[in-house]
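Take the sequences, apply the hints, and build the full model.
There are 2 protein chains.
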Amino acid sequence: MEFNLSAYLKEQKARVDEALERFLPQTSGLEARVVEAARYSLFAGGKRIRPILCIAAHDALKGNSPALYPVACALEMIHTYSLIHDDLPAMDNDDFRRGKPTNHKVFGEGVAILAGDLLLTYAFELIAGAATNGADASLLLEVIGLIAQAAGFRGMIGGQVIDLECENRSDVDLATIEYMHTKKTGALLTASVVSGALLGGAGDKDLERFRRYGHHFGLAFQITDDLLDLIGNFDQMGKSPGSDLQKNKKTYPALMGIEESRRAAEEHVNRAVEAIEVFGADAEPLRAIALYLLERRG
Amino acid sequence: MEFNLSAYLKEQKARVDEALERFLPQTSGLEARVVEAARYSLFAGGKRIRPILCIAAHDALKGNSPALYPVACALEMIHTYSLIHDDLPAMDNDDFRRGKPTNHKVFGEGVAILAGDLLLTYAFELIAGAATNGADASLLLEVIGLIAQAAGFRGMIGGQVIDLECENRSDVDLATIEYMHTKKTGALLTASVVSGALLGGAGDKDLERFRRYGHHFGLAFQITDDLLDLIGNFDQMGKSPGSDLQKNKKTYPALMGIEESRRAAEEHVNRAVEAIEVFGADAEPLRAIALYLLERRG
Numbered sequence: 001m002e003f004n005l006s007a008y009l010k011e012q013k014a015r016v017d018e019a020l021e022r023f024l025p026q027t028s029g030l031e032a033r034v035v036e037a038a039r040y041s042l043f044a045g046g047k048r049i050r051p052i053l054c055i056a057a058h059d060a061l062k063g064n065s066p067a068l069y070p071v072a073c074a075l076e077m078i079h080t081y082s083l084i085h086d087d088l089p090a091m092d093n094d095d096f097r098r099g100k101p102t103n104h105k106v107f108g109e110g111v112a113i114l115a116g117d118l119l120l121t122y123a124f125e126l127i128a129g130a131a132t133n134g135a136d137a138s139l140l141l142e143v144i145g146l147i148a149q150a151a152g153f154r155g156m157i158g159g160q161v162i163d164l165e166c167e168n169r170s171d172v173d174l175a176t177i178e179y180m181h182t183k184k185t186g187a188l189l190t191a192s193v194v195s196g197a198l199l200g201g202a203g204d205k206d207l208e209r210f211r212r213y214g215h216h217f218g219l220a221f222q223i224t225d226d227l228l229d230l231i232g233n234f235d236q237m238g239k240s241p242g243s244d245l246q247k248n249k250k251t252y253p254a255l256m257g258i259e260e261s262r263r264a265a266e267e268h269v270n271r272a273v274e275a276i277e278v279f280g281a282d283a284e285p286l287r288a289i290a291l292y293l294l295e296r297r298g
Numbered sequence: 001m002e003f004n005l006s007a008y009l010k011e012q013k014a015r016v017d018e019a020l021e022r023f024l025p026q027t028s029g030l031e032a033r034v035v036e037a038a039r040y041s042l043f044a045g046g047k048r049i050r051p052i053l054c055i056a057a058h059d060a061l062k063g064n065s066p067a068l069y070p071v072a073c074a075l076e077m078i079h080t081y082s083l084i085h086d087d088l089p090a091m092d093n094d095d096f097r098r099g100k101p102t103n104h105k106v107f108g109e110g111v112a113i114l115a116g117d118l119l120l121t122y123a124f125e126l127i128a129g130a131a132t133n134g135a136d137a138s139l140l141l142e143v144i145g146l147i148a149q150a151a152g153f154r155g156m157i158g159g160q161v162i163d164l165e166c167e168n169r170s171d172v173d174l175a176t177i178e179y180m181h182t183k184k185t186g187a188l189l190t191a192s193v194v195s196g197a198l199l200g201g202a203g204d205k206d207l208e209r210f211r212r213y214g215h216h217f218g219l220a221f222q223i224t225d226d227l228l229d230l231i232g233n234f235d236q237m238g239k240s241p242g243s244d245l246q247k248n249k250k251t252y253p254a255l256m257g258i259e260e261s262r263r264a265a266e267e268h269v270n271r272a273v274e275a276i277e278v279f280g281a282d283a284e285p286l287r288a289i290a291l292y293l294l295e296r297r298g
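Chains A and B are the protein sequences, given in the same order.
The first sequence begins at 1 in my numbering and counts up by one.
The second sequence begins at 1 in my numbering and counts up by one.
It should be emphasised that the hints constitute simulated quantities derived from the structure, not laboratory data.
Careful, some of the hints might be misleading.
Identical copies go unnamed one by one, so any copy, or any two together, can satisfy a pair.
[What the hints assert, rightly or not] With a Cα cut of at most 30 Å, we get these calculated DSSO-like pairs of lysine-lysine:
1. 105 with 249
2. 105 with 250
3. 10 with 47
4. 47 with 250
5. 105 with 13
Written as structure tokens, this is what we have:
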């Protein structure tokens, strides 16, 4: 029977959404506004790629960790916080995200900054709390260290500051762009796969396989994202096509052309798929998700 | 021999500064700018109250935890991140902090937001990493959970959003102010004491004593801070006196008068000191730090 990716993604997304709702329900105290703001962005239609990568890697190893959903949801919270902060006027200054007004447009800049802070902080509380469900404490610390490093200045935050500094400069080369993306989007995507593998019980050799998958997946993801921005439309993207170009963002198509970008995306997808070949049918979701990048429409 | 608080604070601050320098040295990569910004605020003359409370509680129990300095420094990083974000134009809009231009005045708003994010993220990486020094993994997870909760929407972030919402409203009563401060500054101060006690090996009964100390210390700290703002001067505070009043901040002296505020501060200090009486001479630093609040000049 052929693997039905669309049904798989739908089912996993529903499970992640249900867990997110359970982990971060609306509160009623005086601080309700910042929880409302965090939930606004958390439930604004994200595809839950990072949690699903985490779950798929865990399942590829036939794992059974009680910390799986806390960690998967923490990854989505960290991703969401980064979107809220990146959209701020002082950063990318975006008014729309996934077709909806960005957080600061709805709640104001002050609350939007705090909503991002909330999600980042709560992500670590959530993972630490998984110890009470009987998850292995040393493994949880390893996962916290891995995710914090990927989200921190050697990862996502480092990538974002490089992105900020590259804007309005004309001397940015492909190596710098690739370095920036490896950090800005690649690090957390890789950490999603690797943390799932860790929870699934992976040893060093397998961890390296999932790390390689994550690395190539991240680059293919970014290249196809750039292509979508260039040739997609508002319905598919929830933002205006060509908005990267308008903001003088350095993209793959701008630097190496559309055809060469497509070839590069295909190459990275192939290498991602190769990296996890050894897991056979158990890794079918990871394989299908990577191949799907080449047909993305949103 | 009488306890020399000034010498104690000086020595502990030097140790914390040395550890912070070791944990977060300047880097040289493309992301160097955000590390520079984080270090600018981290080394802008903080008194290291939170790390010192953590160390003093740990030492009161004759603890010997290899995680003490990572946790103490993580507390200072979280405190510093909160100052950077609170000073932003969208929040308190402060140009000076401890007599120096605030982070966003030097590095711009975008980098300042990211520098705060960096410190928050790195704090958790630092604690998780202490496992490699042989610290107990379950205890570290408990500390991460405790600190994340104190820094999160039920603590510091919740307090800050309540503060934001109370500005320019005239119907704010003393109970709301106290609730706000318990969260905004009290939660992390209490978590500093309690995490030190946890690392020092405290059982439930002792933890409750340190929690009570932290609670009353936090309130006394806030009241004396409000009094200083009202009657201090720029040299002592590093900011203009009366700036809370100008921003229509609700303070203790504004709500209950200067004399009544002084009495309330004294009462909270006494209760903090009482809470840790059982630890005798080993808790002398904690006792002296609390009593010192009543003579604060900065």
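Which hints from the list above does the structure break, by number from lowest to highest?
none
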